[in-house]
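Colleague: Given chain A, work out where chain B should sit, using these hints.
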Amino acid sequence: MNKKIDKAEYEKRINRITDLFKDMIVQADRQSLARCPYKNRLDQCTAKFCCQNKRKPRAEGELSICACKDGLDYRTAWESDPEAYAHVRQQLKEQRSSQAS
Amino acid sequence: MAKITDITNQFVRDQIEQFIDSEVEQQHIIQLYAQATPDMQDIAAGIIDGQHKTVDCLTRAALDGGTAALDVMDNGLIAGMAIVGIKFRDNFIFVPEVLACARAMKAGMAHIEPILSESGIEPVGKVIMGTVRGDLHDIGKNLCIMMLRGSGFAVVDLGVDTSPNDFIAAVEEYQAPVVGMSALLTTTMPNMGKTIEAFIDADMRDDVHFMVGGAPVTRDFADEMGADGYGDSAIECVEVAKQLIGVKTERRTEP
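For the record, the sequence lines run as chains A and B.
Letter 52 of the first sequence, counting from 1, is numbered 67 in our numbering, and no numbers are missing.
Letter 230 of the second sequence, counting from 1, is numbered 375 in our numbering, and no numbers are missing.
Hints were generated in silico from the structure; no laboratory data involved.
Note that the coordinates shown come from a computational prediction; the quantities given were computed from them, not determined experimentally.
Each hint should be verified, as a subset may be incorrect.
[Claimed, not checked] Below, simulated PhoX-like cross-link-like pairs (lysine-lysine); rule was C-alpha separation at most 25 angstroms, straight line: (1) B/Lys251 <-> A/Lys63; (2) A/Lys18 <-> B/Lys251; (3) A/Lys27 <-> B/Lys387; (4) B/Lys387 <-> A/Lys63; (5) B/Lys339 <-> A/Lys63; (6) A/Lys37 <-> B/Lys387; (7) B/Lys339 <-> A/Lys27; (8) B/Lys271 <-> A/Lys22; (9) B/Lys339 <-> A/Lys19; (10) B/Lys251 <-> A/Lys37; (11) B/Lys232 <-> A/Lys84; (12) B/Lys232 <-> A/Lys37; (13) A/Lys19 <-> B/Lys251; (14) A/Lys22 <-> B/Lys148; (15) A/Lys22 <-> B/Lys251; (16) B/Lys271 <-> A/Lys27.
[Claimed, not checked] What follows is a list of derived Cβ distance ranges for each label pair: (17) B/Asp351 <-> A/Lys84: 45 to 53 angstroms; (18) B/Asp348 <-> A/Val41: 37 to 45 angstroms; (19) A/Asp58 <-> B/Asp159: 28 to 36 angstroms; (20) A/Asp34 <-> B/Arg205: 37 to 45 angstroms; (21) B/Asp348 <-> A/Lys22: 35 to 43 angstroms; (22) B/Asp151 <-> A/Pro72: 39 to 47 angstroms; (23) A/Lys84 <-> B/Thr332: 25 to 33 angstroms; (24) A/Asp34 <-> B/Gln172: 17 to 25 angstroms; (25) B/Gly210 <-> A/Asp34: 23 to 31 angstroms; (26) B/Gln180 <-> A/Asp34: 17 to 25 angstroms.
We put the CB at the ideal spot given by N, CA and C, even for glycine.
For reference, chain A alone in the conformation it holds in the complex:
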């Protein structure tokens, strides 16, 4: 059975965590000026929405590759309407398959 926690001692830990996280938020803001925040350390895209910078994953089951060049404004590539994006992709796919046949 664990002992009860002293409130003042707990608050000291919360303050420490808050300080750590505040520094991280500042860094996240700084990083986001030049690098898409959805891009992980492996240059994969973690976004749940469509983005024009998404490229085929390196292997099946992996996340898409982010082709964004850091330093450029990545936000213009974000699709505001995922359904429209999916529709256009479907149209392109159909066009390509009809051209191929």
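Modeller: The following block gives chain B in isolation, referenced to the frame of chain A:
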């Protein structure tokens, strides 16, 4: 003076050697980890690696084994986040990795929360958070949640594309006094106002305070749609939530 060989966890040792350049900082971290028991170092390693399931299991085992909750926080969870902070600051990892580490920390804290409750320590407040309907951008919201949880709030995360009815259902279920809404697109921003209207229609507007944020959202827009609070960063989000809970408490004491 502690040496790196005093740290038993090889992963932690590698992380220190690979990612911490400053000698002063390296020594500080070595000192911190050298005093931690091997099981605390293992928890810290799980945090650094963003392994929430590992942290979940190890924290449970440590507490069951009699380790004090504050020791788990100091030598496991916070020690792990200290290295995460350095790696992030120096651009070795990015926001998605930090959020994975924060998720791992939450998994550990989940086992400490019941002990806090038994000790009479309640969360600062409860907040429902979600990205509004039609919007799938969640980084800003997730950073806000990380900050809120780190500051002692209990947060219910509704995720992305959250309908007004989902917000209403969550408030009813969790009895949270604050709802935080996020939007990144100008096209979805009006859905914040629609959500507030849905609460008015459901006769629940007086039960909650709304705080809003997101890249295109301004204080004027927040006022216009009838939000109670606006924050332009995840740090401000915590302050706004605290203010709103204070306001709520004062209102409740009114005759």
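Colleague: Name the hints, by number, that the structure is in violation of.
Modeller: 4, 7, 9, 14, 19 and 20
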